[in-house]
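All chains should be built: construct the whole structure from the sequences, respecting the hints.
Reading the sequence shown from the start, the letters are residues 1 to 290 in full-length UniProt numbering.
Calculated directly from the structure, the hints in this document are not laboratory data.
A quick note: this is a predicted structure, and the numbers were derived from the prediction, not measured.
Take the hints with a grain of salt, since some may be wrong.
[As the list claims (entries may be wrong)] With a straight-line Cα cutoff of 20 angstroms, these simulated EDC-like cross-link-like pairs (lysine to aspartate or glutamate) come out:
hint : residue 1 : residue 2
1    : K283      : D266
2    : K173      : E185
3    : K173      : E184
4    : K174      : D233
5    : K173      : E194
6    : K271      : E113
7    : K273      : E181
8    : K47       : D71
9    : K174      : E230
10   : K283      : D223
11   : K5        : D38
12   : K273      : E113
13   : K283      : E95
14   : K173      : E191
15   : K174      : E163
16   : K271      : E230
17   : K47       : D9
18   : K271      : E114
19   : K132      : D275
20   : K174      : D235
21   : K173      : E230
22   : K5        : E185
23   : K5        : E191
24   : K283      : E112
25   : K283      : D97
26   : K174      : E184
27   : K273      : E125
28   : K5        : E58
29   : K173      : D235
30   : K271      : E125
31   : K283      : E113
32   : K273      : E114
33   : K273      : E230
34   : K173      : E163
35   : K271      : D233
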Amino acid sequence: MPFQKMTIDDIPVIAPYFRFVTTNTCDFTVGGMFMWRDYFHMAWQVKDGVLYSTLTGEDGNLYYNLPLGEDIPAGLRQCLARHPERPVRFCTIPEADLPLFRELPGRVEITEEENFADYLYSAEEMIQLSGKKFSGQRNHISRFLRTCQSWSFEPLDSTDAAEVEAFFHTLNKKLNYAPGEAAEENHKVQEVLEHLDQYGLVGGVLRADGAIVGFTLGEVLRDTLYIHIEKADRDYPGAYQMLCRQFCTAYADGLAYVNREEDMGDLGLRKAKRDLHPVTQLKKYTVEVW
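Take a look at the structure:
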């Protein structure tokens with residue numbers, strides 16, 4: 001089977017290989033991979049029970065993701081065998097998997113991708129927001145509750161999709177995104193809303209006085225809730241904080257962690273993620289084998 005362009009129709013074939021991932025990074029989740037497949041020109045192949053996937057970086061170079069299967073070291077050796085020219089490049093490699101690369105033949109160069117580290121939170125803390133360190137979050141939520149006479153949080157499914165799409169379209173007009181990663185993310189948010197059943201994500205809708213003021217989508221994999229999409233109207237102060245807490249309450253209860261993904265080097269986003277007090281950041285690396 002040759003490498004082929006990744007499409008949402010490939011989700012049922014590719015997603016089962018995520019069971020071989022042993023870390024909590026977001027790159028091997030349905031939302032984390034398929035929402036970015038076009039931006040990074042992702043392709044994939046299954047050979048001898050191993051999933052291989054590639055992408056084109058912003059530097060124009062070809063990168064492999066970590067091969068997924070019963071024998072990951074054999075998958076790495078296969079990547080090297082396909083490219084006698086050097087280097088062979090791998091991206092977003094979790095820190096826990098670096099020993100696999102240090103055992104490969106040749107010179108191995110490892111570089112931390114600082115902007116791509118995932119923020120990992122305690123699920124219990126995201127639900128309870130207890131203690132002094134979360135007083136700011138609780139204050140935002142209190143402000144939201146004072147803003148509206150009534151509110152509700154409900155699951156997002158196909159019956160809400162058209163109304164959520166209309167809200168998202170209005171929100172995007174306010175934000176006026178320029179081309180680039182943010183614009184691509186919003187394009188894929190639209191795709192997810194139009195193909196909820198194919199993506200298979202869980203979601204929620206926040207309403208204030210009956211009107212939608214925010215929505216969120218994510219997925220549960222092993223012991224972690226991954227939050228892929230979170231959009232709210234900032235004209236309702238505290239809507240983001242309320243949305244996050246209600247989503248975690250609905251879907252992270254009984255789990256160990258909540259992954260809120262990377263900050264991509266955006267300083268405002270970095271501050272917001274740090275203000276939620278992650279238990280750790282999951283570092284990722286680029287690896288070049290010469």
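Okay, the hints, checked on the actual structure:
The straight-line distance between the Cα atoms of K283 and D266 is roughly 17 angstroms, inside the 20 angstroms bound, and the hint therefore holds. A C-alpha spacing of about 15 angstroms is found between K173 and E185, which places the hinted pair at or below 20 angstroms, so the restraint holds. At roughly 15 angstroms between alpha-carbon atoms, K173 and E184 fall within 20 angstroms of each other, so this suggested pair holds. Among the hinted pairs, K174 with D233 is consistent with the structure: their alpha-carbon atoms are about 9 angstroms apart, no more than 20 angstroms.
Only pairs whose Cα atoms come within 20 angstroms are accepted, and K173 paired with E194 is accepted, the gap being roughly 19 angstroms. For a cut-off of 20 angstroms, the pair hint linking K271 to E113 stands: about 18 angstroms separates their Cα positions. For a cut-off of 20 angstroms, the pair hint linking K273 to E181 stands: about 18 angstroms separates their Cα positions. For the suggested pair K47 and D71, the alpha carbons sit about 12 angstroms apart, so the restraint of at most 20 angstroms is met.
A distance of roughly 16 angstroms separates the Cα atoms of K174 and E230; the hinted pair therefore holds under the 20 angstroms criterion. Straight-line distance between C-alpha atoms of K283 and D223 comes to about 19 angstroms, which keeps the hinted pair within the 20 angstroms bound. Distance restraint check for K5 and D38: the Cα-Cα separation of roughly 9 angstroms lies within the 20 angstroms cut-off, and the hinted pair is therefore satisfied. With a C-alpha separation of about 17 angstroms, the suggested pairing of K273 with E113 holds against the 20 angstroms cut-off.
Note on K283 and E95: the hinted pairing holds, with a Cα-Cα distance of about 6 angstroms set against a maximum of 20 angstroms. A C-alpha spacing of about 17 angstroms is found between K173 and E191, which places the hinted pair at or below 20 angstroms, so the restraint holds. Taken as a hint, the K174 and E163 pair is honoured in the structure, with Cα atoms around 17 angstroms apart against an allowance of 20 angstroms. As the CA atoms of K271 and E230 are separated by approximately 16 angstroms, the hinted pair is consistent with the 20 angstroms bound.
Between K47 and D9, the direct Cα distance comes to roughly 19 angstroms. Compliance with the 20 angstroms bound is thereby established for this hinted pair. With a C-alpha separation of about 15 angstroms, the suggested pairing of K271 with E114 holds against the 20 angstroms cut-off. Of the pairs offered as hints, the one joining K132 and D275 holds, with about 12 angstroms between alpha carbons and a cut-off of 20 angstroms not exceeded. Of the pairs offered as hints, the one joining K174 and D235 holds, with about 11 angstroms between alpha carbons and a cut-off of 20 angstroms not exceeded.
A C-alpha spacing of about 17 angstroms is found between K173 and E230, which places the hinted pair at or below 20 angstroms, so the restraint holds. In summary, the hint linking K5 to E185 is supported, as the alpha carbons are separated by about 19 angstroms, within the 20 angstroms threshold. Annotation: proposed proximity of K5 to E191 holds, straight-line Cα distance about 17 angstroms (limit 20 angstroms). Between K283 and E112 the alpha-carbon distance is near 7 angstroms, which keeps this suggested pair within the 20 angstroms criterion.
Among the hinted pairs, K283 with D97 is consistent with the structure: their alpha-carbon atoms are about 11 angstroms apart, no more than 20 angstroms. A hinted pair counts as satisfied when its Cα atoms are at most 20 angstroms apart, and K174 with E184 qualifies at roughly 17 angstroms. For the proposed pair K273 and E125, the alpha carbon gap of about 14 angstroms is at most 20 angstroms, so the pair holds. Distance restraint check for K5 and E58: the Cα-Cα separation of roughly 18 angstroms lies within the 20 angstroms cut-off, and the hinted pair is therefore satisfied.
For the hint pairing K173 with D235, the CA-to-CA distance comes to about 14 angstroms; that is within 20 angstroms, so the pair holds. Taken as a hint, the K271 and E125 pair is honoured in the structure, with Cα atoms around 18 angstroms apart against an allowance of 20 angstroms. Our distance criterion of 20 angstroms between C-alpha atoms is met by K283 and E113, whose separation comes to about 7 angstroms. Distance restraint check for K273 and E114: the Cα-Cα separation of roughly 14 angstroms lies within the 20 angstroms cut-off, and the hinted pair is therefore satisfied.
Proposed proximity of K273 and E230 is supported: the alpha carbons are some 13 angstroms apart, at most 20 angstroms. Distance hint between K173 and E163 is fulfilled; the C-alpha atoms sit about 16 angstroms from each other, no more than 20 angstroms. Distance check on the hinted pair: K271 and D233 sit about 19 angstroms apart at the alpha-carbon level, within 20 angstroms; holds.
Hint check: no violations occur; every hint is consistent with the structure.
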